[in-house]
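Protein chains in written order, with our numbering: chain G, 1 to 287; chain V, 1 to 285; chain U, 1 to 277.
It is worth saying that the hints were derived from the structure and are not from the lab. A portion of the hints provided could be inaccurate.
[As the list claims (entries may be wrong)] Which stretches of chain V does chain U cover? Using the computed rule of at least three CB atoms under 8 Å from a CB of chain U, they are: (1) 171-183; (2) 255-265; (3) 275-281.
[As the list claims (entries may be wrong)] Some but not every residue of chain V turned toward chain G, in silico, with C-beta under 7 Å: (4) Leu-133; (5) Ile-238; (6) Gln-242.
[What the hints assert, rightly or not] Chain U is nowhere near these chain V residues, computed Cβ spacing over 12 Å in every case: (7) Arg-51; (8) Tyr-77; (9) Ile-96; (10) Leu-101; (11) Thr-197; (12) Pro-205; (13) Ser-209.
In this text, a Cβ means the ideal position worked out from N, Cα and C, and glycines have one as well.
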Amino acid sequence: MAGGAGSVAGRAGGRAGLASRAWAGRALSTLDPLRLAGAALFLALWQGASEFASPIILPGPIGVFERAAADFWSAPALSYFGLEDASLAGNLLYTAENVAIATLLGTVIGATLGLLSSRFWFVRAAMDPVMMTAGTVPILIAAPFLLIWFGVGRASAVSLVGFYVVVILYISAQRAALNLDPIYENYARTLGAGRRGMLGAILIPGATPEVLGGFRIALAGSWGLEAVAELLGSQTGIGKVIEVLAGATDPQGILATLLLLGLAAILADAVVTLLIGRLTAWRDPKA
Amino acid sequence: MTPLARRRELAVSVAVFLALIVLWEILSLVYTAEAQPGEPMVAGWGTLFTRTLLSLSDYWQGGFGVKSVADGAQRSYLAAILSLASHSAATFVRLISGLLLGGVLGVALGLGVSWSRWSRRLVELPTQFLRTLPLLAMVPLFQLWFGTYFFGQVLFVAYGVGVIVFAGVVNAVRNVPQIYLDNARSFGASRSQLYQTVILPAILPAMRSVTLLSLGAGWGAVLAAEYLGAQSGLGYIIVYAQQFGLLDRMFLVALLFILYTSMSYWAIQRLFARLLAWSPAEAAQ
Amino acid sequence: MSMAAPNPRIIELVEVGRAYTRADGQAVTAVDRVSLTVPEGEFVCLIGPSGCGKSTLLQMVAGLIEPSSGAIVVDGKEIDGPGGERGMVFQRDSVFPWMRVIDNVEYGLKCRGVDATQRRVIALDYLRRVGLAHVERAWPRELSGGMLKRVAIAAVFANGGRVLLLDEPFGALDYVTRHQLQDVLLDLWEEPGRAVPTVIFVTHDVDEALTLADRIVAMRGGAIVDDIPVRAERPRDTDSLLMPDMVAIKHKLLGHLGLERAPGRAAGRRARGESAA
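Here chain G stands alone, though its shape is the one from the complex (with noise of 0.2 Å):
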């Protein structure tokens, strides 16, 4: 048995290296060849479709790769639709601004909303029936609504993911908290503390681990409320350029679009995944 400090800083070393470790072994595993030859069959296919299939019916993916690569920077069709920002890039930015308003308001309002409602029982009574509809009802039942009400531009974009974000986190925090194990508290009490000591150190840190898996489930899907938003009423962003590109019969276009959207996302998801493991390294990986 090793002595004092040596051993300690041997620990932790040696767990930061079973960290990289297990990172290391699931990007392995993506690399896998199995998954990698499905892939590159996948694409083998596509290409191999659309060179029978004429390219206004189905564009191949090199050709996609490169129209998605050369409109990002400047695409100077997309000035002669009316559109602001004649760039990929400068479409997806104000997408992307939308997304992350709405989620990071809708998370805020969403979770507060549900852990109140997880310890006031008229809170719950009040806005449970009111979320649980929300919940069933496709959120683009309020997007006309949204459309008259504010009009053409952002705020009726964002009020729309906005409630969508809401409502998923209102049901996270909600769950989070009344499923948070009984003991954390009761041991707490037994310790002296009160309530809202224990509000702030057991409710918030014990919830916002299923809070932040919310929030990564509402960021997926905004994405695509998002660019319907657009499609319904918007004079910029990816949806506006989908429909300007769908209006001119261009499914290369349409689908190079797509591609960056979806890379968006996978990119988002990716750094908030990195900052929720950050956030949540207490958390035992086996539990």
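Here the structure of chain G is known, so what remains is to put chains V and U in place on it, guided by the hints.
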């Protein structure tokens, strides 16, 4: 929860519900602006179920002995009911066709891919990629490829549902506890008996949440398809009315839509409650 | 059921081995060239400390795991995967939760295509024997752990296999239930009028092995370290286990499990006035 607490909660929920109804009525009295003469923006409950309902007869194409308003007939409650019924039917048929097509294909492909460990890993990356592509952003693409009529709409719904069901089935089969498979094999079950008697029942609990997710995606997909280029259906009415600012009609149809979606969720829950009578988790609910 | 002459070598393990590489690259030998012959109708207990390979060995006989080397021959045929002639009772609950109790007991018969009325008769008979006829229509989630184990045992016997494999089946149950089920198992095993099944029963409980077995095979580190016949008459109660020959066997087994103290140490400690460890 004690019976007292349950009654308390119910009382508050009902109170909130009633308060919203009253609030709406108050708003309609306060905010009397009209989008068009005779078409109030915030229609009180009385107006909604009389004048607004009547105005929905505008969407009836004619038939069954009731002439359409476009042909000069008077608005009537019969025409309004007929128009609501026919447009609801249009929406339902699209939804159900899409759900069935996507569901059946998703289950068949999901089970097929799960047959061997190789095939599952082979399709994993393309499936994940297709799942990240936002469904609702793909409406114009489907319209381009398959047209804006019934075929294109059903295919769109089926695609959205199919991707969810496929991924759900593959995941569920993967998570079937090994002990049940071992147990069945130790009784001498063949491969196909294994699928029938173990795998299919064992994935039912997971299929409940997959079905509810698909239902949500299905409703959203139908609505999006109807918003963006249909000529019939409840979504079509809403978006058509929106172009004229006819908020009251939009609101009435939206209420009906909410009723339909809630009923569909309730029906699915009841269905699975019966199918999962054996499940210990079921008893806990 | 045919009453053919008992096969003196119904289960044969010939140099059976199982090796694999761990996630960190280390090679592990779970089972190290084990050879064992079991005559038909014998009740063998496999005993050993955690990680000695007894469960792995059993799963290979069941056909759920493939041996890395050697051959396993059951009733003259080398085995290839699991099969109804080698029924298995697991430690965890294996009863299918989506089937009622009676359907679970009929399961093996159904797989083999036995017709419905005959299946029902056989299944009800075995349910009665394990004392669960009154819950034939119940869902497994309504039953206790002990009752589920009875269902599993009834199902395996109803299937009529010549070989029975049990992997620490009573390990998760409380003391009382465990002893009740040991009686249930022996009752079914010694049932008159049918060929006595050959049993391999894995356990780490020495008393359980002494109560049940005709023969106790001890394992350690993947290999067989002892093979002890148990000749006491059944049923064996508390007093039977206190007979001198049984106590001697128990000492041997405890020694293999690493639980026997060296005789001098305790006396020495008492002499020095230290408390017993």
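Consistency of the hints with the structure:
1. Counting residues of the region 171-183 of chain V whose C-beta sits closer than 8 Å to any C-beta of chain U gives 4, which meets the bar of three, so the coverage hint holds.
2. Counting residues of the region 255-265 of chain V whose CB falls under 8 Å from any CB of chain U gives 0; the rule of at least 3 is not met.
3. Figure legend: the region 275-281 of chain V, annotated as covered by chain U; annotation consistent (4 residues with Cβ-Cβ distances under 8 Å, at least 3 required).
4. Taken as an interface hint, Leu-133 of chain V checks out: its beta carbon lies about 5 Å from the nearest beta carbon of chain G, inside 7 Å.
5. At a threshold of 7 Å, the smallest CB-CB gap from Ile-238 of chain V to chain G is about 5 Å, leaving the interface hint in force.
6. Satisfaction of the interface hint for Gln-242 of chain V is found here, the shortest Cβ-Cβ separation to chain G being roughly 4 Å, below the 7 Å cut-off.
7. Interface exclusion of Arg-51 of chain V from chain U stands, the closest Cβ pair being 54 Å apart, more than 12 Å.
8. Interface exclusion of Tyr-77 of chain V from chain U stands, the closest Cβ pair being 50 Å apart, more than 12 Å.
9. The claim that Ile-96 of chain V lies off the interface holds: its Cβ sits roughly 27 Å from the closest Cβ of chain U, which is beyond the 12 Å cut-off.
10. Chain U leaves Leu-101 of chain V outside its interface by the beta-carbon criterion, the shortest separation being 27 Å against a cut-off of 12 Å.
11. Some Cβ of chain U comes within 12 Å of the Cβ of Thr-197 of chain V; the nearest lies about 7 Å off, and the non-interface call is violated.
12. Residue-level check failed: Pro-205 of chain V sits 9 Å from the nearest beta carbon of chain U, not beyond 12 Å.
13. Ser-209 of chain V, annotated as away from the interface, keeps every beta carbon of chain U farther than 12 Å; the closest lies near 17 Å.
Hint compliance for this structure: hints 2, 11, 12 are broken, all remaining hints hold.
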